[in-house]
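Following the hints, complete the assembly by docking chain P with the ligands onto the known chain V.
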Amino acid sequence: MRKELEAQLAAQLRDEVVCVEKTDQRTIFIDVKREAIRRAVRIVTEAGGRYMCGVGYDNIARDGTLGMVHTFSMDHNDHFICVRTKAPAIDPVMESITPDLPSAGWSEREFMDMLGMQFTNHPKPKRLVLSDDWPAGIYPLRKEVPYDLVPPGAEDVAYQLDEAPPGTKIVPIGPFHPSLHEPEHFAVYVDGETIKGCDYRGFMTHRGIEKLCQTQVSYNEVPFIAERICGICGSVHATAFSQAVESAGGIKIPRRAEYIRTLMLEIERIHSHLLWLGVAGHLIGFDTVFMQAWRVREQLMWLCERLTGNRKTYGMVLIGGVRRDITPEIAEDIRRVVTNIEKELRVIHRAIEKDSSIHKRTKGVGTITKEDAIAWGLIGPVARARGVDIDARRDHPYAAYNDMKFDVPVLTDCDVWSTLVVRVLETYEAIRIIHQVLDKLPAGPIFVELKDKIPALRHAITTVEAPRGESTHYVITGEDNRPDRWRVRAPTYTNLQAVPLMLLNEQFGDFPIIMGSIDPCFSCTDRVAVIDMASGKARSMTKRELDFMSREQLQRG
Amino acid sequence: MWLTSKIKQILMVMKPGIVTLDYPGQPAPAPAAFRGQPVWDHHKCLGCGGCANHCPARCILTRDVCQELRVMLYDGSRCTYCGRCADVCPEDAITMSNNFQTACDDKNDITTRMELFMLTCQRCGRCYEMEKTNVIDRMELRGFRYDNLESRALIRQTTDTFSPEALAATEHHQRPSR
Ligand code: SF4
Ligand code: SF4
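If you read the sequences in order, they're chains V and P.
For reference, each letter of the first sequence is one residue, going 1 to 557 in this note's numbering.
For reference, each letter of the second sequence is one residue, going 1 to 178 in this note's numbering.
Next comes chain V alone, as it looks inside the complex:
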């Protein structure tokens, strides 16, 4: 793989390629000069690379440059390819790759905000992460900016929405709104009740976790903070971070620990899928599903309390292994609970699979073709419901997944209903994996002491298949017993970028379920404001009204 790529790059880019190296079994780093970045990325994409994320980092103290890494996954032969380049901090300009790869749009915008990079020809060079009143010229991820800087706020600045297509009205949804937990703002352009486009302004709860962990804490505290990135896929982030550091530092963890990590990840998957099933039911106004799915899920939370000491945020994963062992008694307990969950989930599954009212609300809704799904780099159940056969557990096996036998359900109906079915089927697979883990659990220690220092300035990338899609973590190790750079790309980051496309030409009443189908952390509060652009009058719509509209949609079919 490395040789072929190197030959191709050398042939097309000649001396603009600085070096091509393979750091471990699956990671290839390609260093190119910044002029060649777009062409290099094109070569990698043509070789079958699927864009994952971009990582910008501050290297000013060492050689006065800002670095940018574009990472790709080769799903068919288990490789990660990282195309690295750098630009001097006084002139941090490089060519944008977004015209070729739409899913790179956010990654580039993020580092315009956070590091002050500039990308020429970016189709939408607007602010993404920083708040509108953040002063220009302060780039929070640069090392010279202190982690606790609080610049004074300003009142008179606002985000400029994209131009609305002619003949449409704007419906702003958010920052708090019915289908998401996190404050995010959508401006939906509607013609009548048909959605014609949308603009997104989010990152309102950006907590600066990356900066915090790069400046304040030490390696083994980060897993606990990583776990709190997301209330649902906590173990996923902790595992991904730990794996990245282990891979950078060449730490080999005991096999038993890898098995226990697998177990925790699958328990988390069951939890997340049941939670999502419930919320999806709620969003289409079918609260029976919500109540029952959450009732089934509750026993899993009690199990986790006995197993890890907490209902959620398990705190199981550390660099070097896991913290708690699985005793034979608790293993029995796990088997009993998951068997019961499987039984009860089948009851729910049978009761809803042929229900025409659910079909009416979910079939043919939120469609996006397989080609678009690939072009936008969709991941997780959202992609698998659109015929894209990717799953990091199988394609880039980590922890103990190479010992597990499981199927990856892939459907081709391309709508919300198939997302729902994929997630239910995956829950059964997760239960199957849990039984296998408990059957095969090897004996031995669960943790290795970190004896040597973790060498500085090593790059490593890992992905972990979270319930909603793959989470990618990129770590550059640092000198002060903490990462120099840690980049987290959660699955929603990718999937949310494709939402405008999913919404196109759908009904406004379907907005909650389409939004919800990518599982971006829901909220059940609040209201939508409808603004009539002609008169400028604003009217507020309560949650009840929106629910009502949503239900009306149900009756209309």
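The hints are simulated quantities; they were obtained by calculation from the structure and are not laboratory data.
Here are the simulated DSS-like pairs of lysine-lysine, each with C-alpha atoms no more than 27 angstroms apart in a straight line: (1) V:K405 <-> V:K440; (2) V:K451 <-> V:K252; (3) V:K360 <-> P:K6; (4) P:K107 <-> P:K44; (5) V:K354 <-> P:K6; (6) P:K6 <-> V:K343; (7) V:K453 <-> V:K22; (8) V:K126 <-> V:K196; (9) V:K451 <-> V:K22; (10) V:K343 <-> P:K15; (11) V:K126 <-> V:K143; (12) V:K354 <-> V:K370; (13) P:K8 <-> V:K360; (14) V:K363 <-> V:K343; (15) V:K33 <-> V:K143; (16) V:K312 <-> V:K440; (17) P:K8 <-> V:K343; (18) V:K126 <-> V:K33; (19) P:K8 <-> V:K363; (20) V:K169 <-> V:K126; (21) P:K15 <-> V:K354; (22) V:K252 <-> V:K405; (23) V:K354 <-> P:K8; (24) V:K312 <-> P:K107; (25) V:K252 <-> V:K453; (26) V:K196 <-> V:K169; (27) V:K370 <-> V:K124; (28) V:K22 <-> V:K3; (29) V:K363 <-> P:K6; (30) V:K343 <-> V:K440; (31) V:K343 <-> V:K405; (32) V:K124 <-> V:K33; (33) V:K3 <-> V:K33.
All values reported here derive from a predicted model rather than from experimental measurement.
Coordinates of chain P with the ligands only, in the frame set by chain V:
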């Protein structure tokens, strides 16, 4: 199809019935393995500060009032019950209790404050020099530290010698704000 689905749904709901617990009418104790609020044993604690340095939430503060007196303050209002402090404590002075009902109207009800009498080395201090790689050394707390216990702010700056000025500076330290 619609009707059979509805019948199945009714059965699905009927079978489990009402499952809501009568909490807090009926107490719902946490299981034995639960990780609740940490509890300190001041007899065992030797004031190494390992817990303070490894708390991901940074809610354990350390303040050296003078050569002999170190105050350790655990601020339970920000604690995430992760149990990392109990993991790193070399003396097993911290146990994770199974208390999770910690809502209260006074922050001090869930705060632990320990005043520890510290011995100082009367001799050459060479032992400490030689132990550069021991566990406590790796916990990174050397010398004196002056966290501000009043505004519960952390000043991650230690000095090798006790300095009354540094101590005084903490009096005015404020957490960054607008
Ligand atoms: S339990 Fe965790 S958050 Fe609480 S004091 Fe201990 S280390 Fe800190
Ligand atoms: S780690 Fe243990 S011995 Fe050291 S200060 Fe904390 S409680 Fe005391």
